[in-house]
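Okay, here's what each chain looks like letter by letter:
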Amino acid sequence: MQRGLKVYKEVCAACHGLSYIAFRNLADPGGPGYSPAQAAAFAAEYKIKDGPNDQGEMFERPGRPADYFPSPFPNEQAARAANGGALPPDLSLITKARSYERGFPMFVIDFFTQFQEQGPNYVDAILQGFEEKPPAGVTIPEGSYYNKYFPGHAIKMPKPLNDGQVTFDDGSPTTVPQYAKDVTTFLMWTAEPHMEARKALGLQVFVFLILLTVLLYFTKKKVWASAH
Amino acid sequence: MSGPSDYQPSHPALKWIERRLPIMGLVHSSFVAYPTPRNLNYWWTFGAILSMMLAVQVLTGVVLAMHYTPHADMAFKSVESIVRDVNYGWLLRNMHASGASMFFLAVYIHMFRGLYYGSFKEPREILWILGVIIYLLMMATGFMGYALPWGQMSFWGATVITNLFSAIPYFGESIVTLLWGGYSVGNPTLSRFFSLHYLLPFVIAGVVVLHVWALHVAGQNNPAGVEPKTEKDTVAFTPYATIKDLFGTCCFLILFAWFIFYMPNYLMEADNYIPANPGVTPPHIVPEWYYLPFYAMLRSIPNKLAGVVVMFSSILILAFLPWLDTAKTKSSKYRPLAKQFFWMFVVVGVLLGYLGAQPPEGIYVIAGRILTLCYFAYFLIVLPLLSRIEKPRPIPNSIADDVLAKTGSKATPMVSTVIALVVAGALFAGSAQNARAEEQEAPPS
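Residue numbers (this note's numbering), protein chains in the order written: chain A, -12 to 215; chain X, 737 to 1181.
Because the hints were derived from the structure by calculation, they are not lab data. Treat the hints with care, since some could be wrong.
[Said to hold, decoys possible] Cβ-to-Cβ under 8 Å is the rule here; a few derived chain X residues that face chain A:
1) Arg774
2) Arg928
3) Phe983
4) Cys986
5) Met999
6) Asn1001
7) Tyr1009
[Claimed, not checked] Straight line, CA to CA, 25 Å or less: simulated SDA-like cross-link-like pairs of lysine to any residue:
8) X:Lys1075 / X:Gln1094
9) A:Lys186 / X:Thr985
10) X:Lys813 / A:Ala53
11) A:Lys135 / X:His1020
12) A:Lys34 / A:Ala24
Since this is a predicted model, take the numbers as computed values, not measurements. For each residue, glycine too, the CB sits at the ideal point set by N, CA and C.
All chains should be built: construct the whole structure from the sequences, respecting the hints.
Written out as C-alpha cells, the structure reads:
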C-alpha cells in the first residue's frame, strides 16, 4: 500500500484529488502502516492554504496530520479547463464507485465466495488498457484516447503509467502491471479504510452467532419435547 | 387477548403498580400465557423477526442521525465521515443499509406465508389490511432513506419516482412541486425526506401495535388452517413460541451478519458512491432490489398515467385479497391447485424483480408485459376461480390431530435444520478465504 501511495503521489495527484483521506489516516491500522511521526512528516511536505489570518488574508502553511489531501485544482471549472473539458474524478471512492455486471449465475456464486472485487478490477484494467491506436474502423473524438476497457472506449485521460516511471524503495518491479496493482490496492483502502476491522469483527460475530444458534436449537428441542 | 387478564403478581410493590397501570398483566396475557397453536412451523417466526428488525433500524437510524447532515452540499460527505471517523460508524451504516434489505426480505416471506396459509381470511381481514398499510409505509420509508446519502442513484432515483406523481391529471404538477419543495429535486427535497424518514418508522410502530392487537383478538392462523378448538390445540406463548422465535431470529441474524460484515455492497449500486450531480444522468437508473418487481410493472406500460396506476394497484390489490380468495379452506396445504398457482406466482414475482433491473429493451419489454398480466391474473382471475371450482383435500379435525399425525415424521425438521447449517457453514467457509482481486480477470469491454 505504501507503493500505491507513492504511485498516487507521483503520478495521479497531478490531476486527481483524494479529499476524503486525511494525513493522519496514513497511520491508522489496516492502512499503509506509517507511524504517526511518519504521517506528520508526510503531511509537512504539502503546502495547505489556510486563513483568513487576523489581517483577513489567506496564507499557506505546511500540512498537519489533521489536514486532508489537497486537491490539485481549486474548483471544478479549473479542473475541466486543464483537462479538455473532462473532470478528473476524486479517487477516494473510485474503487467502490465503479463496477461491471458479472451476469447470471456468477452473481449468485459471488455472494458465497465474497467476490466484491469488481471495482478494483475495473480500475486495474483501465490503467492497463490503453492502446496506441484504436482498432481498424473505430474512430474516437479529438482529444480523447483509446482504452480497451472504458465503456465507449474513448477516455479523456492520457495514459498515466509507463514502465520505470516510479522507483520503489523495496525493489519491486517497476512495470505498469505492478503500478496498476499497487495503486489499485491503495485506492481500495482509501475507499474503505475499515475493511480489515470489519472482516475481523465479522469472523468473531459469526463464530458467536453459530454457537448461539446451535445452543438455541437444542434448547428449543428440549422445551418442546413435552409438546410433541 | 380479550378482556382483563387474571394475572396477579405476588410482590406487594408489583401489586401496587398493577392496580394503577396493569401493564404487567397486559404483557403476561399477550406474550406469556397467550395461547398459540402448537403446530406452527418456522414461517411463523418472521413476525418476531420483523419486530426485531424494526427495532434495529430505529436504533441504528437514531444514532446515524446524530452524525448525519441533511443538506445537499454536505450529506454525502457526512455519510463518508460516519463511515470513516465515527467510532464503529461503518458498523452502524452497514447495519442500517443491510438492515433495510433484510427488513424487506423478512416482510416478503411474511406476506407470502400469509398468502399460502390463508392468514388473510375471515376473521383476520383487518389484520391483513393493517399489514398492507405497514408494507406501504415501509416502502415510503425505504425510498426516502435511500435518497439520504445523496449519491447519484439517490438523486436520480428520487427524481424518477417523484416525477411519477406528475401523471395525476390536474393536480399532478402541483403535487410534484410540493414534494420537491422547488422546481427540481434539490436541498429542500432532501430536508423533507429526512424529516419524514425519521417520522414514518414511528407511524409504522403504531400500526404494528394495531396489527398485533388485531392478531391477538383473532388468534394466530396455523399451517393446517383449522382454528384451535380445545386446550390441547395450543401451548403457552412463553416458553414455547418464545424460544422458537429466538432460534429463528438467530438464524436470520447469521444471514444479516453475512451482509453487514462481508458483503455490504452486494446489494448497493456502485453509482451511489458518486456524489449526486444534477447534470449527469447515470446510464441505468435502478431502485433497490425490493422495489424491482413494481418498477418492472411500471415500465411495462407505455402510458405514464396507466403505468403509475398499474404500479400502485399491484400493491393495493393485496388489500382486497380476503374478498378475492373466498375459498373456505384456509391453508394451501389442502388445496393442491391453489398450491401450484401459488408457486407460479412466486416465480412470476422473482422474474419481475429480475426484469426490473434490466434495461427496458427488446425481449425484456415483452416479458415484462406478459408477467405483469400474470401477476394481476393471479389475483383477479385465478384466486376467485379456484374458490369456486377447486375441490380441496379433507382438512384435519383439529390442531391436536394434525400434530399427532405428524409425530411419525421426525426426520423433516432435521432436514431443514441441516440445510440451514450447511448454508451457514458455506458462508463461513467463504469468509475464511482471502479476498483477492483476480490477476487475470478483466472487465468486459
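Consistency of the hints with the structure:
Given the 8 Å rule on beta carbons, the hint for X:Arg774 holds: about 6 Å separates it from the nearest Cβ of chain A. Interface restraint check: X:Arg928 against chain A, minimum CB-CB distance 27 Å, threshold 8 Å, status violated. With a least beta-carbon distance of about 4 Å to chain A, the hint placing X:Phe983 at the interface is held under the 8 Å criterion. Checking X:Cys986 against chain A by beta carbon gives a least distance of about 5 Å; that is within 8 Å, so the hint holds.
Nearest Cβ of chain A to the Cβ of X:Met999: about 6 Å, under the 8 Å cut. The hint holds. Given the 8 Å rule on beta carbons, the hint for X:Asn1001 holds: about 6 Å separates it from the nearest Cβ of chain A. At its closest, the beta carbon of X:Tyr1009 sits 4 Å from a beta carbon of chain A; the interface hint therefore holds under the 8 Å criterion. A hinted pair counts as satisfied when its Cα atoms are at most 25 Å apart, and X:Lys1075 with X:Gln1094 does not qualify at roughly 30 Å.
Taken as a hint, the A:Lys186 and X:Thr985 pair is honoured in the structure, with Cα atoms around 22 Å apart against an allowance of 25 Å. Proximity of X:Lys813 to A:Ala53 is assessed by CA-CA distance (about 16 Å); at most 25 Å being required, the pair is judged to hold. Our distance criterion of 25 Å between C-alpha atoms is met by A:Lys135 and X:His1020, whose separation comes to about 21 Å. At most 25 Å may separate the alpha-carbon atoms for a hinted pair to count; A:Lys34 and A:Ala24 meet this at roughly 18 Å.
When the structure is compared with the earlier hints, violations turn up for hints 2 and 8 and for no others.
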